[in-house]
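J.: Okay, so the sequence shown: first residue is 44 according to the working numbering, each after it adds one.
Calculated directly from the structure, the hints in this document are not laboratory data. Note that the Cβ used here is the ideal one computed from N, Cα and C, for glycine as well. Hints are not guaranteed to be accurate.
Here are the simulated distance ranges between beta carbons [claimed, not checked]:
no. : residue 1 : residue 2 : range
1   : 47        : 93        : 43 to 51 Å
2   : 147       : 107       : 22 to 30 Å
3   : 79        : 47        : 51 to 59 Å
4   : 96        : 48        : 41 to 49 Å
5   : 150       : 91        : 17 to 25 Å
6   : 77        : 176       : 35 to 43 Å
7   : 138       : 50        : 34 to 42 Å
8   : 145       : 86        : 17 to 25 Å
9   : 146       : 107       : 21 to 29 Å
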Amino acid sequence: MFSWLDRFQPFGALVMRVVLGAIMVAHGYQKVIPHGALDNFTRTVTHLGLPSWLGYMAAFTEFFGGMLLIVGLLSRIVGCFVTIEMAIAIYKVNLHGGILASNGYAFPLACLAVALMLVFTGSGALALDDLLGKGSMGARAR
44 MFSWLDRFQP FGALVMRVVL GAIMVAHGYQ KVIPHGALDN FTRTVTHLGL
94 PSWLGYMAAF TEFFGGMLLI VGLLSRIVGC FVTIEMAIAI YKVNLHGGIL
144 ASNGYAFPLA CLAVALMLVF TGSGALALDD LLGKGSMGAR AR
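Turn these sequences into a full structure, and let the hints guide you.
T.: Okay, structure coming up:
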């Protein structure tokens, strides 16, 4: 009945990729750019019982990975990193608050779902992955 919508799937992935990328850049910016923010964030990560290198990984995944998502480069790999990061964030930070609390896990769970969708479907339309032949549409064209 709605099979005619199938031709728009790459554009759905485009919207999800750009929105998730913008969210990640905004959150990563707060952790990377202001003076001392990266050190503060890695200290927070170590207080959660995680190694400090995961703080750097998370901050750079959000900031630089978000930029890669926006342009559609290495989308599946970045989607995998964001999925892992959101799963850790839910488990270590948000799970105790429940899904609807102010610090609940509804938002990170939604980001995890979008990132996982990008891992499975690829970057969608208008992506550098597509132009390089590594995205979902480039693979179909072969």
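J.: What hint numbers does the structure not satisfy?
T.: none
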